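Undergrad: These are the residues of each chain, in order.
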Amino acid sequence: MDLELSESELAFQAEARSWLAANVPAQPLPSLDTPEGFALHQEWEARLAADRWSVVSWPREYHGREASLVEWVVFEEEYYRAGAPGRVSQNGIFLLAPIIFEHGTQEQQDRFLPTMATGERIWAQCWSEPEAGSDLASLKSTARRDDARGGWVLDGQKIWCSRAALAHWGFGLFRSDPEAQKHAGLTYFLFPLDAEGVTVRPIAQLDGEAGFAEVFFDDVFVPDADVLGAPGDGWRVAMSTAGNERGLSLRSPGRFTAAADRLLSLYAERPDPRVADRVVDAWLRAEAYRLYTWGTVTKLKDGGDIGAAGSVNKVWWSELDVALHETALDLLGPDAELESRWLDGYTFALSGPIYAGTNEIQRNIVAERILGLPREPKGAQR
Amino acid sequence: MRFELTTDQRDFAASLDALLAASDTVAVARAWAEGEHAPGLALWARLAEQGVTMLATEATPVEVCIAFEALGRHAVPGPWVESAAYLATELAGSAQEAIASGTVATVAVPPHTPYALDADVAERVYAAGRDGVRTATPGEPHVSVDRTRRLFSVAPGPVHDTADRSQEAFDLAVLATAAQLLGAGERVLADAVTYVKQRKQFGREIGSYQAIKHRLADVRIALDFARPLVHGAALDPAPRAVSAAKVACADAAYLASRTGLQVHGAIGYTQEFDLSIWITKIRALVTAWGTPAFHRARILDSLVGSHG
Ligand SMILES: Cc1cc2nc3c(=O)[nH]c(=O)nc-3n(C[C@H](O)[C@H](O)[C@H](O)COP(=O)(O)OP(=O)(O)OC[C@H]3O[C@@H](n4cnc5c(N)ncnc54)[C@H](O)[C@@H]3O)c2cc1C
Numbered sequence: 001m002d003l004e005l006s007e008s009e010l011a012f013q014a015e016a017r018s019w020l021a022a023n024v025p026a027q028p029l030p031s032l033d034t035p036e037g038f039a040l041h042q043e044w045e046a047r048l049a050a051d052r053w054s055v056v057s058w059p060r061e062y063h064g065r066e067a068s069l070v071e072w073v074v075f076e077e078e079y080y081r082a083g084a085p086g087r088v089s090q091n092g093i094f095l096l097a098p099i100i101f102e103h104g105t106q107e108q109q110d111r112f113l114p115t116m117a118t119g120e121r122i123w124a125q126c127w128s129e130p131e132a133g134s135d136l137a138s139l140k141s142t143a144r145r146d147d148a149r150g151g152w153v154l155d156g157q158k159i160w161c162s163r164a165a166l167a168h169w170g171f172g173l174f175r176s177d178p179e180a181q182k183h184a185g186l187t188y189f190l191f192p193l194d195a196e197g198v199t200v201r202p203i204a205q206l207d208g209e210a211g212f213a214e215v216f217f218d219d220v221f222v223p224d225a226d227v228l229g230a231p232g233d234g235w236r237v238a239m240s241t242a243g244n245e246r247g248l249s250l251r252s253p254g255r256f257t258a259a260a261d262r263l264l265s266l267y268a269e270r271p272d273p274r275v276a277d278r279v280v281d282a283w284l285r286a287e288a289y290r291l292y293t294w295g296t297v298t299k300l301k302d303g304g305d306i307g308a309a310g311s312v313n314k315v316w317w318s319e320l321d322v323a324l325h326e327t328a329l330d331l332l333g334p335d336a337e338l339e340s341r342w343l344d345g346y347t348f349a350l351s352g353p354i355y356a357g358t359n360e361i362q363r364n365i366v367a368e369r370i371l372g373l374p375r376e377p378k379g380a381q382r
Numbered sequence: 001m002r003f004e005l006t007t008d009q010r011d012f013a014a015s016l017d018a019l020l021a022a023s024d025t026v027a028v029a030r031a032w033a034e035g036e037h038a039p040g041l042a043l044w045a046r047l048a049e050q051g052v053t054m055l056a057t058e059a060t061p062v063e064v065c066i067a068f069e070a071l072g073r074h075a076v077p078g079p080w081v082e083s084a085a086y087l088a089t090e091l092a093g094s095a096q097e098a099i100a101s102g103t104v105a106t107v108a109v110p111p112h113t114p115y116a117l118d119a120d121v122a123e124r125v126y127a128a129g130r131d132g133v134r135t136a137t138p139g140e141p142h143v144s145v146d147r148t149r150r151l152f153s154v155a156p157g158p159v160h161d162t163a164d165r166s167q168e169a170f171d172l173a174v175l176a177t178a179a180q181l182l183g184a185g186e187r188v189l190a191d192a193v194t195y196v197k198q199r200k201q202f203g204r205e206i207g208s209y210q211a212i213k214h215r216l217a218d219v220r221i222a223l224d225f226a227r228p229l230v231h232g233a234a235l236d237p238a239p240r241a242v243s244a245a246k247v248a249c250a251d252a253a254y255l256a257s258r259t260g261l262q263v264h265g266a267i268g269y270t271q272e273f274d275l276s277i278w279i280t281k282i283r284a285l286v287t288a289w290g291t292p293a294f295h296r297a298r299i300l301d302s303l304v305g306s307h308g
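Read top to bottom, the protein sequences are chains A and B. Following the UniProt record's numbering, the numbering of the first sequence begins with 1 at its first residue and continues without gaps. Following the UniProt record's numbering, the numbering of the second sequence begins with 1 at its first residue and continues without gaps.
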């Protein structure tokens, strides 16, 4: 058992560190959910991609470096330590790309991955529906076969689609076989958000910004070439990324250890013994997450599968994120209510226990699949 | 980078676990609490044969943690931390050899460990102070919440030779206590899970109710994130890492004990029911070898220096 990086990993770390030191914008970029900030974040993605830092683990032909999993975690640590901008392309890179690599055709990989890597095309995840949140498999939006045109016609409504107000393309599940049972008969589609029949209506979030949106589909045509995986197999295809979302990819430990470091600096500036224990606990939980991740990386390197442990992970990072920010606000005292990076981080953190499968659902998964407790009387879980 | 136990380490853990599972450790602990030490001393000897008493000198802190997790899981009584972690590190020469080969010894290390555990059974009793380690004679007994922990005031005698490693000895004792808490927490969770799958109320297994499931899931999560802190500290037992492991294991095990008690209902509240052995042990170990407040302060000091 060891935590040593190899020589080549250390070299990779040094290269990433010096590139970031030279390139990270001195001033934080405006929010990526404003048109101006969105454009600046896209430029940042392009700059990352130009030197192969936007998708380090991808093949070289798609702007990657073929970095190992260890190197990926190392890069993420450096990225957040350097205070680099949030990733406007994260839905595509972290949630969609793994399924395109796994289930996409060669043609789809060549068509979709390069512009995802450069940030030229930003993707939105269109999974939830007004009546299908936690119970995602109860979704009602439909896909109707159109043999004449060689494709499908989509109808219905998606909601809470992050980035959709400004994003270019979406990915989501539609019911392609009304006769089939709940989880069967779903198909995974990719579609431009400016296609004919698509209406995007931004929704302001708690912080006032239109972080997510409703998307309405009114006879939207999607050619067969934009179906991901086999028709009717959408649930299985989609679930292969749900684990990514909760597990490692969306929330690498780097962002929390970096936030814990900032919390410690804040404490050093404004020490308050009444908050001291919580500062320690926030640091400690981030440290536990960092070490836990190396265990996960080892398992994956050995060819293992994270499985339901992704749910253990998700509850931890989402609650850790809230705790880190609440503690910072307590240190800020009466200034806590004023606009600040901590307050922005706090409002964002509040959504963590809700998205990517609520923490109640994750606890059900931990209890049923890890502890082996009896299943809920009925119902599906994402 | 390989942050997982090696095959040898896993095998060592499994063999200790098998030995302890076959040793009726509950009966051993109950006898120990009644002042009948023979079964506990016999078990001590068997564990010494397996090398548990020489891990601190002959192996690494990872093996020490593996052993103490097993001791906690099976609620093995006796001054294990005192002998096999603290004294094994701090004593030198023949005294150290005696401990490695299975001599039961104990120590008081004020202020965090003011009483010597099981000083009435230990062949050798010590007291650590600023000027080193002294031999000591047991005085007045004190009653612990954990009936298997028999605590004694000690009267220090002459100064004894040491390896002059009191800081490492203290930190290894803290880490071993953390691992013991982890094992105890795992045991309570396992027993609670077994129970809630059997016990029925309102026509259903109580484990199918979400209120119960979510509480047990939280215990699973807390223990899962305490373990890497133990292993991280074992690889590099710096004071901050050791304190982090102790705080996390104390919190997780305490959560396990509270939850374990709650899901058992009244039966869990009886001394006769075996769960009580772990619930009271966890409570005692939470404050043994440095309270959570002490360890949190030590972490904060190391992170931001003196903090007023
Ligand atoms: C900031 C943010 C960004 C998001 N981004 C996206 C996105 O990009 N794409 C997308 O498709 N979706 C997105 N979502 C939606 C998110 O996935 C859903 O909100 C989530 O799945 C929960 O669904 P719901 O909101 O309908 O709540 P509901 O499912 O109605 O749940 C409401 C409450 O009931 C609880 N509950 C429900 N079922 C159970 C059960 N079986 N047991 C116990 N408790 C239960 C839930 O835990 C929750 O507390 C986002 C949400 C947020 C907040």
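Misleading hints may appear alongside valid ones.
[What the hints assert, rightly or not] Pairwise CB distance ranges, derived in the manner of DEER restraints:
(1) Thr287(B) x Ala180(A): 54 to 62 Å
(2) Gln210(B) x Pro130(A): 56 to 64 Å
(3) Pro25(A) x Gly129(B): 50 to 58 Å
(4) Thr57(B) x Pro271(A): 35 to 43 Å
(5) Leu300(A) x Ala18(B): 27 to 35 Å
(6) Asp236(B) x Pro271(A): 51 to 59 Å
(7) Asp236(B) x Pro130(A): 49 to 57 Å
(8) Phe202(B) x Gly372(A): 43 to 51 Å
(9) Ala18(B) x Glu15(A): 28 to 36 Å
(10) Ala21(A) x Thr57(B): 52 to 60 Å
(11) Arg258(B) x Asp344(A): 29 to 37 Å
(12) Val24(A) x Ala238(B): 42 to 50 Å
(13) Ala268(A) x Ala92(B): 53 to 61 Å
(14) Lys197(B) x Pro130(A): 35 to 43 Å
Simulated from the structure, these hints should not be mistaken for laboratory data. Owing to the predicted nature of the structure, the values given are computational and were not obtained by experimental measurement. C-beta atoms are modelled at their ideal positions from N, C-alpha and C, and glycine is treated no differently.
Undergrad: So, for every hint listed, does it hold in this structure?
TA: Status of the hints after comparison with the structure:
| no. | hint | verdict |
| --- | --- | --- |
| 1 | Thr287(B) x Ala180(A): 54 to 62 Å | holds, 59 Å |
| 2 | Gln210(B) x Pro130(A): 56 to 64 Å | violated, 24 Å |
| 3 | Pro25(A) x Gly129(B): 50 to 58 Å | holds, 57 Å |
| 4 | Thr57(B) x Pro271(A): 35 to 43 Å | holds, 41 Å |
| 5 | Leu300(A) x Ala18(B): 27 to 35 Å | holds, 29 Å |
| 6 | Asp236(B) x Pro271(A): 51 to 59 Å | violated, 27 Å |
| 7 | Asp236(B) x Pro130(A): 49 to 57 Å | holds, 51 Å |
| 8 | Phe202(B) x Gly372(A): 43 to 51 Å | violated, 21 Å |
| 9 | Ala18(B) x Glu15(A): 28 to 36 Å | violated, 48 Å |
| 10 | Ala21(A) x Thr57(B): 52 to 60 Å | violated, 45 Å |
| 11 | Arg258(B) x Asp344(A): 29 to 37 Å | holds, 36 Å |
| 12 | Val24(A) x Ala238(B): 42 to 50 Å | violated, 30 Å |
| 13 | Ala268(A) x Ala92(B): 53 to 61 Å | violated, 41 Å |
| 14 | Lys197(B) x Pro130(A): 35 to 43 Å | holds, 37 Å |
Violated hints, in rising order: 2, 6, 8, 9, 10, 12, 13; the structure is consistent with all others.
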